[in-house]
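Asks: As a plain string of letters, each chain reads:
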Amino acid sequence: MAWEYVVNGINGAIKLVVNGDPELVDIAIRSVKVSGIAAVLAAIIGVPVGVVLGLSRFKGRGLLKSIFNALLGIPTVVMGLILYLFLAPAGPLGFLGLLYTEMGISFGQMLLILPIVISFTVSSIESVEREIRDLALTLGANKIQIMFKIVEESLSGIVLSIIAAFNRAVAELGIALMVGGNIFVRGGGLNTRVLTTSIQMYVARGEIDYALALGTILIAIVFTITAISNYLQKKWVGYD
Amino acid sequence: MIELRNIEKKYGETVALKKVSLRIERGEIFAVIGNSGAGKTTLLRILSMLETDFLGEYLFNGKDARERAEEVRGRITMVFQNPVMFKGSVFDNVAYGLRVRNVDSDEIEKKVEEMLKLFRLERFRDKSARKLSGGEKQRVAMARAFVIDADVYALDEPTANLDPENARIIEKTIKKIKERGKTIVLATHNLFQAKRLADRAAYIESGQIIETGESKELFENPKHPRTQNFIYGFDFF
Ligand SMILES: Nc1ncnc2c1ncn2[C@@H]1O[C@H](COP(=O)(O)OP(=O)(O)OP(=O)(O)O)[C@@H](O)[C@H]1O
Ligand SMILES: [Mg+2]
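Protein chains in written order, with the working numbering: chain X, 1 to 240; chain Z, 1001 to 1237.
Hints in this document: simulated from the structure, not taken from any laboratory.
Idealized CB from N, CA, C, for every residue including glycine.
Among these hints, one or two may not hold up.
[To be verified] One-sided excerpt, in silico: chain X residues whose CB lies under 10 angstroms from chain Z: (1) Glu126; (2) Glu129; (3) Ile132; (4) Ala141.
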């Protein structure tokens, strides 16, 4: 009896995935899109910040680094709550109109994963910095050439940081739920339902087959991204 | 060519060099010999202006090196104890010093090929430099330095941990480079190598230069008891 419940759920989930249920597809695509935008934005801001932080030496640099490191593990519910307060119509950023929008989720996730991109970029820069700087310097490179060389040598680490950031964004629930609101109207243009929020909802409703199907898709996305990143890493290491 | 006066270098509490004074003449091979931790690498890093935070005076061609650090770095190239390879091919590695000097690509091609031949690296040309063996990497590191038309080459333990064949290739090439009128500073704890290659040598211990002289004289007739201890200590093996 107890196992039947699980097996039925799995059977239903397989059917939904195999048949390519349009609602599931829609939600999965939105998830990838929203978190993909978050990852791209986080990369655009975080990589330059990380490079500067990794290459330069100034007072307060250590403090800045430990702040970003501490923010790596910020609970997504807390982040979602804070963002909700800021983005709510009466809040300080209410005028942006981001609450309950896809862009709002992207914005929130971008803030969530920014510390990942920055911290990992800093550490991949630092891991090559000393050796490569000395080598390039003694071979006659100028400051700018040295900087480019260091970034080039840490590129695989930087790309990995962006992938790790995307994985965290696509799998988080707190921000998507509180900022996005899990809105779904069939055929509607303002939907904000993503994989994590819909899993939470279907479980609450007892529709285990849907929840399992979505969970499987989420895991498949994360695994695929990880596999791609491993492949890229191997390729880079292969020629490094 | 190079003159050091009372150079002192500290890493935190550690005194790496104490009152080091020496002259290195144009066109000679000058060996710095001493045990592990004696300060050889530190000395070479200062000569190459990779360390600029030291006390004392460093004159390069009669002028203060710290005031013209960039220029000095362009004229003296160091080969590190552990060969660090850039990502990319052997060719890319060897070409780097020419590329940053904006040498045109035909010229780069020609010079790099010549160096690869000199170090018997032709067949590794397009291989990933980081996949080479230790001895091959060491040769790439040398080729990468010697392809640059510098005045001085500072070589830090160029043959430590290498098999006799690789060591022989490297020693032969060092002699060839000297014949082109280049100055070579060689840090080593290998007495026999210093004896084979160097015109003059300095024995360094605990950051201090104990004795300097013509290498034949220094090795066969060391004056200072500590130098004697270092040199005759080896004869028991
Ligand atoms: N970056 C550093 N920070 C702190 N101490 C250092 C640093 N580099 C060197 N030292 C210290 O300075 C001293 C001289 O070191 P150095 O590397 O010059 O010796 P070496 O003669 O090259 O030895 P080896 O033959 O083992 O290479 C050592 O006591 C070493 O521990
Ligand atoms: Mg050393």
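Asks: State for each hint whether it applies.
Replies: Checked hints:
1. Below 10 angstroms, beta-carbon pairs count as interface contacts, and X:Glu126 has none with chain Z, the closest being about 15 angstroms; its hint is therefore violated.
2. For X:Glu129, the shortest C-beta to C-beta distance to chain Z is roughly 12 angstroms, which exceeds 10 angstroms, and the interface hint is violated.
3. With its C-beta approaching chain Z no nearer than about 7 angstroms, X:Ile132 sits inside the 10 angstroms limit, and its interface hint holds.
4. At a threshold of 10 angstroms, the smallest CB-CB gap from X:Ala141 to chain Z is about 4 angstroms, leaving the interface hint in force.
The structure is inconsistent with the numbered hints 1 and 2, although it conforms to all the rest.
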